[in-house]
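Listed here are the chains, written in short residue letters.
Number of protein chains: 2
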Amino acid sequence: MLGVFSKSARHFAVRSSFSLSQQGRLISIRRNPSEKTLLALKSLLGDRLSTASSVLKQHGTDESYHAVTSPDAVAFVQSTEEVAAVVKICAAAGTPVIPFGAGSSLEGHISASQGGVSINLMGMNNILSIEPENMSCKVQAGVTREQLNVELRATGLMFTVDPGANASIGGMISTNASGTTTVRYGNMKTNVMALSAVMADGQIIKTGSKARKSSAGYDLTRLLIGSEGTLGVVTEAELRLFGIPEAEKTMICQFNSIKNAVDTCAMVMQMGIPVARMELMDENAVEAINKYSKLKTPVRPSLLVEQHGSPSEVEAQSFVVVEIANDFGARDIELATSIEERKRLWSGRHTAWYATMSQRPGSRGLSTDVAVPFSNLTDVIVETQADLKKSDLFGSIVGHVGDGNFHVMLPFDPENIELMQKVRDFSDRLVKRAIECGGTCTGEHGIGNGKMSYLRLEHSNSVDVMHTIKKALDPKNIMNPGKIFYGAER
Amino acid sequence: MLGVFSKSARHFAVRSSFSLSQQGRLISIRRNPSEKTLLALKSLLGDRLSTASSVLKQHGTDESYHAVTSPDAVAFVQSTEEVAAVVKICAAAGTPVIPFGAGSSLEGHISASQGGVSINLMGMNNILSIEPENMSCKVQAGVTREQLNVELRATGLMFTVDPGANASIGGMISTNASGTTTVRYGNMKTNVMALSAVMADGQIIKTGSKARKSSAGYDLTRLLIGSEGTLGVVTEAELRLFGIPEAEKTMICQFNSIKNAVDTCAMVMQMGIPVARMELMDENAVEAINKYSKLKTPVRPSLLVEQHGSPSEVEAQSFVVVEIANDFGARDIELATSIEERKRLWSGRHTAWYATMSQRPGSRGLSTDVAVPFSNLTDVIVETQADLKKSDLFGSIVGHVGDGNFHVMLPFDPENIELMQKVRDFSDRLVKRAIECGGTCTGEHGIGNGKMSYLRLEHSNSVDVMHTIKKALDPKNIMNPGKIFYGAER
Numbered sequence: 001m002l003g004v005f006s007k008s009a010r011h012f013a014v015r016s017s018f019s020l021s022q023q024g025r026l027i028s029i030r031r032n033p034s035e036k037t038l039l040a041l042k043s044l045l046g047d048r049l050s051t052a053s054s055v056l057k058q059h060g061t062d063e064s065y066h067a068v069t070s071p072d073a074v075a076f077v078q079s080t081e082e083v084a085a086v087v088k089i090c091a092a093a094g095t096p097v098i099p100f101g102a103g104s105s106l107e108g109h110i111s112a113s114q115g116g117v118s119i120n121l122m123g124m125n126n127i128l129s130i131e132p133e134n135m136s137c138k139v140q141a142g143v144t145r146e147q148l149n150v151e152l153r154a155t156g157l158m159f160t161v162d163p164g165a166n167a168s169i170g171g172m173i174s175t176n177a178s179g180t181t182t183v184r185y186g187n188m189k190t191n192v193m194a195l196s197a198v199m200a201d202g203q204i205i206k207t208g209s210k211a212r213k214s215s216a217g218y219d220l221t222r223l224l225i226g227s228e229g230t231l232g233v234v235t236e237a238e239l240r241l242f243g244i245p246e247a248e249k250t251m252i253c254q255f256n257s258i259k260n261a262v263d264t265c266a267m268v269m270q271m272g273i274p275v276a277r278m279e280l281m282d283e284n285a286v287e288a289i290n291k292y293s294k295l296k297t298p299v300r301p302s303l304l305v306e307q308h309g310s311p312s313e314v315e316a317q318s319f320v321v322v323e324i325a326n327d328f329g330a331r332d333i334e335l336a337t338s339i340e341e342r343k344r345l346w347s348g349r350h351t352a353w354y355a356t357m358s359q360r361p362g363s364r365g366l367s368t369d370v371a372v373p374f375s376n377l378t379d380v381i382v383e384t385q386a387d388l389k390k391s392d393l394f395g396s397i398v399g400h401v402g403d404g405n406f407h408v409m410l411p412f413d414p415e416n417i418e419l420m421q422k423v424r425d426f427s428d429r430l431v432k433r434a435i436e437c438g439g440t441c442t443g444e445h446g447i448g449n450g451k452m453s454y455l456r457l458e459h460s461n462s463v464d465v466m467h468t469i470k471k472a473l474d475p476k477n478i479m480n481p482g483k484i485f486y487g488a489e490r
Numbered sequence: 001m002l003g004v005f006s007k008s009a010r011h012f013a014v015r016s017s018f019s020l021s022q023q024g025r026l027i028s029i030r031r032n033p034s035e036k037t038l039l040a041l042k043s044l045l046g047d048r049l050s051t052a053s054s055v056l057k058q059h060g061t062d063e064s065y066h067a068v069t070s071p072d073a074v075a076f077v078q079s080t081e082e083v084a085a086v087v088k089i090c091a092a093a094g095t096p097v098i099p100f101g102a103g104s105s106l107e108g109h110i111s112a113s114q115g116g117v118s119i120n121l122m123g124m125n126n127i128l129s130i131e132p133e134n135m136s137c138k139v140q141a142g143v144t145r146e147q148l149n150v151e152l153r154a155t156g157l158m159f160t161v162d163p164g165a166n167a168s169i170g171g172m173i174s175t176n177a178s179g180t181t182t183v184r185y186g187n188m189k190t191n192v193m194a195l196s197a198v199m200a201d202g203q204i205i206k207t208g209s210k211a212r213k214s215s216a217g218y219d220l221t222r223l224l225i226g227s228e229g230t231l232g233v234v235t236e237a238e239l240r241l242f243g244i245p246e247a248e249k250t251m252i253c254q255f256n257s258i259k260n261a262v263d264t265c266a267m268v269m270q271m272g273i274p275v276a277r278m279e280l281m282d283e284n285a286v287e288a289i290n291k292y293s294k295l296k297t298p299v300r301p302s303l304l305v306e307q308h309g310s311p312s313e314v315e316a317q318s319f320v321v322v323e324i325a326n327d328f329g330a331r332d333i334e335l336a337t338s339i340e341e342r343k344r345l346w347s348g349r350h351t352a353w354y355a356t357m358s359q360r361p362g363s364r365g366l367s368t369d370v371a372v373p374f375s376n377l378t379d380v381i382v383e384t385q386a387d388l389k390k391s392d393l394f395g396s397i398v399g400h401v402g403d404g405n406f407h408v409m410l411p412f413d414p415e416n417i418e419l420m421q422k423v424r425d426f427s428d429r430l431v432k433r434a435i436e437c438g439g440t441c442t443g444e445h446g447i448g449n450g451k452m453s454y455l456r457l458e459h460s461n462s463v464d465v466m467h468t469i470k471k472a473l474d475p476k477n478i479m480n481p482g483k484i485f486y487g488a489e490r
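So the protein sequences, as listed, match chains Z and S. Going letter by letter, the first sequence gives residues 1 to 490 in full-length UniProt numbering. Going letter by letter, the second sequence gives residues 1 to 490 in full-length UniProt numbering.
Watch out, some of these pointers could steer you wrong.
No copy is singled out in the list; a pair is fine if it fits within one copy or between any two copies.
Taking lysine to aspartate or glutamate pairs in the EDC-like style, the calculated list, with each CA pair at most 20 Å apart, reads [to be verified]:
no. : residue 1 : residue 2
1   : Lys471    : Asp201
2   : Lys296    : Glu418
3   : Lys259    : Glu133
4   : Lys432    : Glu146
5   : Lys389    : Asp72
Since the hints were derived computationally from the structure, they do not count as laboratory data.
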């Protein structure tokens, strides 16, 4: 429905149509760029400003199940200064800017929810410096993690954050990405030392330093990480690197019950055994992988555990993990140290998403992303699996259980409204279960436009503090609007 | 000099006197609480509001060398709700509030620079919960780290951040404290999971969650950590705990030159050998400790290294460290695994500050706090030592060199204006040296009122972004004013 907006919402409305949801929340304001704005951008970028429909469509597509809106134009930028110039032009006209990386977001981050200009950063893909002595490197936002690790190979160093997708570093910063190795090496918050970013007024700032730690002023680096492009466009980052371990040992343990698998994980973590990865797959995931990859792995909940260190360390540590797993009735423990064998053990986990989706051909998928305290992990996963069965839904559970973070991957036919609602209801119950025990609605995917309603459930009135910061730093609400906050928040 | 303040400064001036420095910066505005404010606080707190001169004096004393101003009143609070009530009363009157913990700040954080009410949080010293299964605990801000670790002992867990002083957890959060174990276990930013804080309007917020990671909205936890009470008063914190290691092994290696000592450290870090502590002491520190503790340790630069892990891990790792140290010409390597022997090796490092001060009886001390990239660590320390000699100043260098962070401890007679200026000039050159190579003016002590002039040197225009956040969240500038920012910033 169309309606008159409140005083606080008016603050954000520049022109064009808008509508209110049934709760009276502002859900859409179009703020398409004017001809004048497009001309100014064209004169800045030439052919690197595109309004071709195929390009717009591509920039209105991500890997989420959300309805995502295409932008009105796409700016293919090549430098921080160019990003600043684009933002200045858009700021003058109140036109939204939406940063675009590899397009692998799962929560609608790249949607031009209110129209505007996508800033495609993938042309900024230079590795600016590698400093082995400082165990750090500096990259532009469009560098992908795979590209970076190929480049690093000769140095004996690696960039460890691995969200699965070959995401861009800029995108990974925006959502505070993490992944299978976070249990050992941390997430983007601990692996980014410094940033360059373009703020809403077009100002270029540099945050952080090349030192390992600092107490100098507010931590703008960690404020920008996870801010999903709503405070600034990240253009460069100084990243922390780790040495490639001398030895790696991987094991896969199967269990009779998911409870035993998760309890094993919890015990390993509580005993402080160093693990580099700790991944859970439930029966459904294993079965889907079997079908997808024509394997005959026994269909049981499985735990993949990996150790990194010196050869003697990984031997000693994996020995203890095997002992713990056996205490919880593990079956068929398989261990591997060679690259080929380790790759084989990991192959199932890596294909889990596509394997699950392939069980319902033609489906799109929803991936939940809760993280919960260790002490509740077993209960929450067991309850979630029971809920899945009770709801008569098909889904696989995989997870970075060493961090208390797991995903239920649910394929659904987007045309089947009833099924889609069932999937959403299931996800809703899971999020509430996680928040109730002190967890979070998103461990690594971000809020985007998909989880805005949960932000207040999780953070209560501290969302108002977040929004005060947003309004102060982006008074025209041009930085990726419609993400994290409802427009009329507060 | 007294003068008319600028438009932006006026924003902060409520009443009373103020003065401008020669650079035209606002350095002092008194905003003493009115009788009405004091009455309202008295009616809230009864005897727990004090205006006794001895109490005011105690709350105008820290461990820094700065001129620190006493507050007009001290509120001894007992709960988060009481802090909120105090802040509301003060906010209504535009009266500054200054959080006060153990009083161990080194940068004048507790100074009532513009008058106002100190909020003494040491009565909030309850450990609210310990959850061994989640490896976390929840404490009030007035709990000290020693108190917490005594309480934790029976659980086999420990809180690892150790800044030396028996600081309060609230104070450690305010300055983003770290210390000897940060190289292994992180600093306050990585060890605080969630916070309760009272904001400038008296609103109580809860940030973060009990999950190990989250991508839900802006990271207010890490924004508050290191914000030195200028955004909110932290009242409670959920802390991450680690298992007490099965085995610990300590070694002290002496070198012919400080360059060899620091190069050993850099090599160990670059090779990724896990170290739990990595501390440097220069010749002056060793000599001062000898005199202070009546020891006869050869006067040479020394490196203290500690390993935590299983017995076989610490053996293997310390063996590699010894090899590296030998490559750099180490002499007299001493190793210890028993508690008594390890304590003996550490005793010198623990007394280094007092030992250094005792070399100039009656002195106060300045401790520098730069952190630099590893790749520059050796050069910066060698240059700093040369500068010390050239300046004919006495000082000891100790440092958490595994994080690139070191302190020069300089005793001086505060009556000796000339010497004090020489000490300040030396510190100024050191900070500039650190910032020039991409480091920071403060690795763990914070900006306080002592390093405000360096914040812009280090962070340039991003200080404006910090200050925009400050103004948005604390429009009356009542939260610990006169710290981090000059009043008339921007």
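Consistency of the hints with the structure:
| no. | hint | in the structure |
| --- | --- | --- |
| 1 | Lys471 x Asp201 | both (13 Å within a copy, 17 Å between copies) |
| 2 | Lys296 x Glu418 | neither (34 Å within a copy, 82 Å between copies) |
| 3 | Lys259 x Glu133 | between (44 Å within a copy, 15 Å between copies) |
| 4 | Lys432 x Glu146 | neither (35 Å within a copy, 37 Å between copies) |
| 5 | Lys389 x Asp72 | neither (43 Å within a copy, 64 Å between copies) |
In the structure shown, a violation is registered for the earlier hints numbered 2, 4, 5, in ascending order.
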